[in-house]
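*Asks:* Below, each chain spelled out in residue letters.
4 protein chains.
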Amino acid sequence: SQMANSKFEYVKNFETQEKLLPNCWTVVRLDGRAFHRFSDEHRFAKPNDDRALMLMNHCAEALFKEFPGEIVFAIGMSDEYSFVLKRTSNLWSRRKTKIETCFASFFAASFVLHWSKFFGPETPLLYAPMFDCRATCYPSERNIRDYISWRQADCHINNLYNTCFWALIQQGGLSAAAAEEALRGTLSGAKNEMLFTRFGINYNNLSPMHRRGSIYIWRQVEMTETAKSGEPIKRVRKVPTLIHDDVISDVWWTQNHAILEE
Amino acid sequence: SQMANSKFEYVKNFETQEKLLPNCWTVVRLDGRAFHRFSDEHRFAKPNDDRALMLMNHCAEALFKEFPGEIVFAIGMSDEYSFVLKRTSNLWSRRKTKIETCFASFFAASFVLHWSKFFGPETPLLYAPMFDCRATCYPSERNIRDYISWRQADCHINNLYNTCFWALIQQGGLSAAAAEEALRGTLSGAKNEMLFTRFGINYNNLSPMHRRGSIYIWRQVEMTETAKSGEPIKRVRKVPTLIHDDVISDVWWTQNHAILEE
Amino acid sequence: SQMANSKFEYVKNFETQEKLLPNCWTVVRLDGRAFHRFSDEHRFAKPNDDRALMLMNHCAEALFKEFPGEIVFAIGMSDEYSFVLKRTSNLWSRRKTKIETCFASFFAASFVLHWSKFFGPETPLLYAPMFDCRATCYPSERNIRDYISWRQADCHINNLYNTCFWALIQQGGLSAAAAEEALRGTLSGAKNEMLFTRFGINYNNLSPMHRRGSIYIWRQVEMTETAKSGEPIKRVRKVPTLIHDDVISDVWWTQNHAILEE
Amino acid sequence: SQMANSKFEYVKNFETQEKLLPNCWTVVRLDGRAFHRFSDEHRFAKPNDDRALMLMNHCAEALFKEFPGEIVFAIGMSDEYSFVLKRTSNLWSRRKTKIETCFASFFAASFVLHWSKFFGPETPLLYAPMFDCRATCYPSERNIRDYISWRQADCHINNLYNTCFWALIQQGGLSAAAAEEALRGTLSGAKNEMLFTRFGINYNNLSPMHRRGSIYIWRQVEMTETAKSGEPIKRVRKVPTLIHDDVISDVWWTQNHAILEE
Chain C
1 SQMANSKFEY
11 VKNFETQEKL
21 LPNCWTVVRL
31 DGRAFHRFSD
41 EHRFAKPNDD
51 RALMLMNHCA
61 EALFKEFPGE
71 IVFAIGMSDE
81 YSFVLKRTSN
91 LWSRRKTKIE
101 TCFASFFAAS
111 FVLHWSKFFG
121 PETPLLYAPM
131 FDCRATCYPS
141 ERNIRDYISW
151 RQADCHINNL
161 YNTCFWALIQ
171 QGGLSAAAAE
181 EALRGTLSGA
191 KNEMLFTRFG
201 INYNNLSPMH
211 RRGSIYIWRQ
221 VEMTETAKSG
231 EPIKRVRKVP
241 TLIHDDVISD
251 VWWTQNHAIL
261 EE
Chain U
1 SQMANSKFEY
11 VKNFETQEKL
21 LPNCWTVVRL
31 DGRAFHRFSD
41 EHRFAKPNDD
51 RALMLMNHCA
61 EALFKEFPGE
71 IVFAIGMSDE
81 YSFVLKRTSN
91 LWSRRKTKIE
101 TCFASFFAAS
111 FVLHWSKFFG
121 PETPLLYAPM
131 FDCRATCYPS
141 ERNIRDYISW
151 RQADCHINNL
161 YNTCFWALIQ
171 QGGLSAAAAE
181 EALRGTLSGA
191 KNEMLFTRFG
201 INYNNLSPMH
211 RRGSIYIWRQ
221 VEMTETAKSG
231 EPIKRVRKVP
241 TLIHDDVISD
251 VWWTQNHAIL
261 EE
Chain S
1 SQMANSKFEY
11 VKNFETQEKL
21 LPNCWTVVRL
31 DGRAFHRFSD
41 EHRFAKPNDD
51 RALMLMNHCA
61 EALFKEFPGE
71 IVFAIGMSDE
81 YSFVLKRTSN
91 LWSRRKTKIE
101 TCFASFFAAS
111 FVLHWSKFFG
121 PETPLLYAPM
131 FDCRATCYPS
141 ERNIRDYISW
151 RQADCHINNL
161 YNTCFWALIQ
171 QGGLSAAAAE
181 EALRGTLSGA
191 KNEMLFTRFG
201 INYNNLSPMH
211 RRGSIYIWRQ
221 VEMTETAKSG
231 EPIKRVRKVP
241 TLIHDDVISD
251 VWWTQNHAIL
261 EE
Chain W
1 SQMANSKFEY
11 VKNFETQEKL
21 LPNCWTVVRL
31 DGRAFHRFSD
41 EHRFAKPNDD
51 RALMLMNHCA
61 EALFKEFPGE
71 IVFAIGMSDE
81 YSFVLKRTSN
91 LWSRRKTKIE
101 TCFASFFAAS
111 FVLHWSKFFG
121 PETPLLYAPM
131 FDCRATCYPS
141 ERNIRDYISW
151 RQADCHINNL
161 YNTCFWALIQ
171 QGGLSAAAAE
181 EALRGTLSGA
191 KNEMLFTRFG
201 INYNNLSPMH
211 RRGSIYIWRQ
221 VEMTETAKSG
231 EPIKRVRKVP
241 TLIHDDVISD
251 VWWTQNHAIL
261 EE
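Protein chains in written order, with our numbering: chain C, 1 to 262; chain U, 1 to 262; chain S, 1 to 262; chain W, 1 to 262.
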């Protein structure tokens, strides 16, 4: 039977293995699959459900902490999250599939594990969610910053659209089709105007989490811990910190450039 | 700002996309990461924990049902499970990463969702598990059958070893190191003999699930359903069926050849 | 300086290596780059230049002989040639790029080396040609036969078109644009008819090499060789044999099935 | 028959296509296959054959000129040549296989085409050479410079060894085995010393082409051309320029930094 095993073992040679190009930042992006239906079935608030966003953030933070020396930045919105691995990361020898599938499975498992903390007993999780995941390499600082800008700009565009769309329905009494029609081809100036004049909403006063997404970075924090002797001692620790800053701006990156230097 | 978005959108060109070779059977294999530690921390029974195995089977069945026209066979043991996609499958246009990450995330999410059904309130899940996952193509019937045989032969070899190892410890009072030493280099005949003469265990009478792993296939089952009129009607339905057969044998495949013909 | 070398050697880790899936037939297809211009500048006869086709065949035969245990079939037409590696080939451990670049460079080098044998002193080679090359795996007998049929069907379609096109120009006195216009949307029946009624050409009587392309297979040939003693001895040897058969037909493959069994 | 063609055309879906990561420098390295045997059969001078090196340079220059907007640097030695594509190159949409096979076939074809210019009628080319070729991405300036340094350091190490090895044989009368034995484990200091004291060779006075390899870069050159009017006019043109500089040094790159800025 050990002979039998060796006889079959040749099938391992059919496996392939791809590595991420060294010396590039790697973005690992997770995306909920069929979350439109998922959000309907779990009666998510529209245009944004803060319970869902905070659950996503909680899962992101868990993943962030799981690989403290590897992930240097994360940005999420709606049902997606992007994690940036530092340029020099050697996580699992940069094996692409290993990174993608471990991140996807850990995030999805965390999503289920922590669901009830955010949705409570009145909204049970009806079925297991799926997240697809892809790792992409970015060779230059310009490229990785542009990736982050792309996601934050996308967050803004989608949120402005959704805010208008749901105001037209919830406050304006329009059907979904009519709301879609009313917004077709409008520029962002017109959308801001519509929100203000028709619904009294000043877009810029809306929640930064909705407008800019959620960002995790490591921050040095001074903590008071208790030594073995029982004495309080001060320690500086790196903790995952949730922010909602404008990370498209050059100023932010000048102040936080250390993130890209790791 | 929509202009800003287009300006950044070029970063999408850095993404890669790999497709599985057409007309091959695809095996998608999931493996628990660091499950040695995981099984210790959740006090799994040794050498086999039936709660854990049944949870794995439950998750496999859920995935099986999620893609009824695509997955034709599954085999699992310990903390791993392999799913066979039919040769002609066009799931997600055969995008390799999409399949790997959706399967991994759904399986891990199911594992958490169903944990308490099998482990009860006395053994809470302590943290989110990770599963790595890889899709591999097999071009011929011989190759895909050899893959399945490889996993089943491996199950047998590991189970025989573990059964001896834990008998030496649990019944024989040996330390882990001494048990390992006692087994070093022994052939399977000697292991069977040891189990029988020293511990009164007839290996072939042990649970088929432990010796051969768990297998899912589709079986036609006649069901009595209720028509709209209230009349009972008989329907033939395809249902996921759990078996523990010897799937290395030619006889089994002669009888179940339709599995490879889909 | 040997230290200096080690310091730089890390750059080798940026190299990637892809292997062809085992147990598949591999087609390595070469295509002349910008051969439209090349054929004009070297004043190729139209619609077919036999010197060029025979040179292509000569290069194919050289490559065929260079890897006698690996290449089992080849088919070429115009400025392209496809080589089929046997299913079990382990040439260069199935390294995809190695196979593609060695085949491409050897074929191109042979093309230059043998040019004057076919074009003579009156048509010197004006510059070095380029050939792109790609290796593709085919998992089943059906697939590899369909690949071959695809190329032969393509040869026929192109040759029928080109024969009409150049007859309209050379015999009919039309301009290229007028010939193209006259042929737009015509089915093959109409093209055959036009050749026969307008130009007295029976398409089926044209050269098989032009209609079906050139095919190389290995054939056993009895040869009389001279032993060391000076005695003549008969030996059976495998030699590359050029044919122009219909290799779409099932009958041909029934008779030559051994090609796919190697 | 056009229907027949469509029926087979599905085989194109088995082809794969890989692209080079954007915004990286790409090195395309060519290596002669089995050139040890090739150099023996064509009676190359040892340790260096200037006819062969100049032929390699001539082919590299031809390839350099063929893609004037894409290749920015090349370095070669012995039977290998590396070409650096600029970071922003979009040659053939960065298709990896296309680039590798076109470069390999063009270089090999040039090698045959120009052979007799360098080897004359007394040394005919006996058979077609093969070159393997691989494209590799380098994301940073440090990485691409280190790649170049790696090749130049390798050139030096090999040349120093070969110079000693052949001096021991040609001047010292040793067998190949004895020469190899004499050199085993020696550091470069000892090799320099041996050359000087035993054979009167000052290594640093040897040909820069042998010690540092051959490098092509583009240089602006002022040329006097003839206008249509017959008048001589001065034009600045970019011409491929062969140098044998130390390209490991920082100074060289400070002076020639524009190469990496394209």
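One or more of the hints may lead you astray.
Which copy? The list can't say, so a pair holds if one copy fits it or any two copies do.
Claimed, not checked - With a Cα cut of at most 20 Å, we get these calculated EDC-like pairs of lysine to aspartate or glutamate:
hint, residue 1, residue 2
1, LYS12, ASP31
2, LYS98, ASP31
3, LYS65, ASP40
4, LYS238, GLU181
5, LYS86, GLU15
6, LYS65, ASP250
7, LYS86, GLU41
8, LYS98, GLU18
9, LYS7, GLU222
10, LYS7, ASP246
11, LYS12, ASP154
12, LYS238, ASP40
13, LYS7, ASP250
14, LYS98, GLU15
15, LYS191, GLU9
16, LYS191, GLU180
17, LYS228, ASP250
18, LYS86, GLU141
19, LYS12, ASP79
20, LYS228, GLU261
21, LYS117, ASP49
Read the hints as simulated data drawn from the structure, not as lab findings.
*Asks:* From the Cα coordinates, with 20 Å as the cut-off, is the pair LYS86 and GLU41 best called within, between, both, or neither?
*Replies:* neither (37 Å within a copy, 31 Å between copies)
*Asks:* At most 20 Å between alpha carbons: which applies to LYS7 and ASP246, within, between, both or neither?
*Replies:* between (59 Å within a copy, 17 Å between copies)
*Asks:* Using 20 Å as the alpha carbon limit, work out where LYS228 and ASP250 are close: within a copy, between copies, both or neither.
*Replies:* The answer is neither: 45 Å in one copy and 53 Å across copies each exceed 20 Å.
*Asks:* When Cα atoms must be at most 20 Å apart, do LYS86 and GLU15 count as within-copy, between-copy, both, or neither?
*Replies:* between (28 Å within a copy, 18 Å between copies)
*Asks:* Could you figure out if LYS65 and ASP250 sit no more than 20 Å apart (CA to CA) within one copy, between two copies, both or neither?
*Replies:* For LYS65 and ASP250, neither the intra-copy (27 Å) nor the inter-copy (41 Å) Cα distance is at most 20 Å.
*Asks:* Treating 20 Å as the Cα threshold, decide for LYS12 and ASP154: within, between, both or neither.
*Replies:* between (42 Å within a copy, 13 Å between copies)
*Asks:* Taking 20 Å as the upper bound on the Cα-Cα distance, should LYS238 and GLU181 be classified as within, between, both, or neither?
*Replies:* neither (49 Å within a copy, 44 Å between copies)
*Asks:* Check LYS191 against GLU180 for me: Cα-Cα at most 20 Å, and say if that holds within a copy, between copies, both or neither.
*Replies:* within (12 Å within a copy, 53 Å between copies)
*Asks:* Cα distance capped at 20 Å. Does LYS12 pair with ASP79 within a copy, between copies, both, or neither?
*Replies:* between (36 Å within a copy, 18 Å between copies)
*Asks:* From the Cα coordinates, with 20 Å as the cut-off, is the pair LYS98 and ASP31 best called within, between, both, or neither?
*Replies:* both (17 Å within a copy, 10 Å between copies)
*Asks:* Up to 20 Å between alpha-carbons, please classify LYS98 paired with GLU15: within, between, both or neither.
*Replies:* Classified as both: same-chain Cα gap 13 Å, cross-chain 17 Å, threshold 20 Å.
*Asks:* Taking 20 Å as the upper bound on the Cα-Cα distance, should LYS7 and ASP250 be classified as within, between, both, or neither?
*Replies:* between (60 Å within a copy, 15 Å between copies)
Checked against the numbered hints given earlier, the structure breaks hints 3, 4, 6, 7, 9, 12, 15, 17, 20 and satisfies all the rest.
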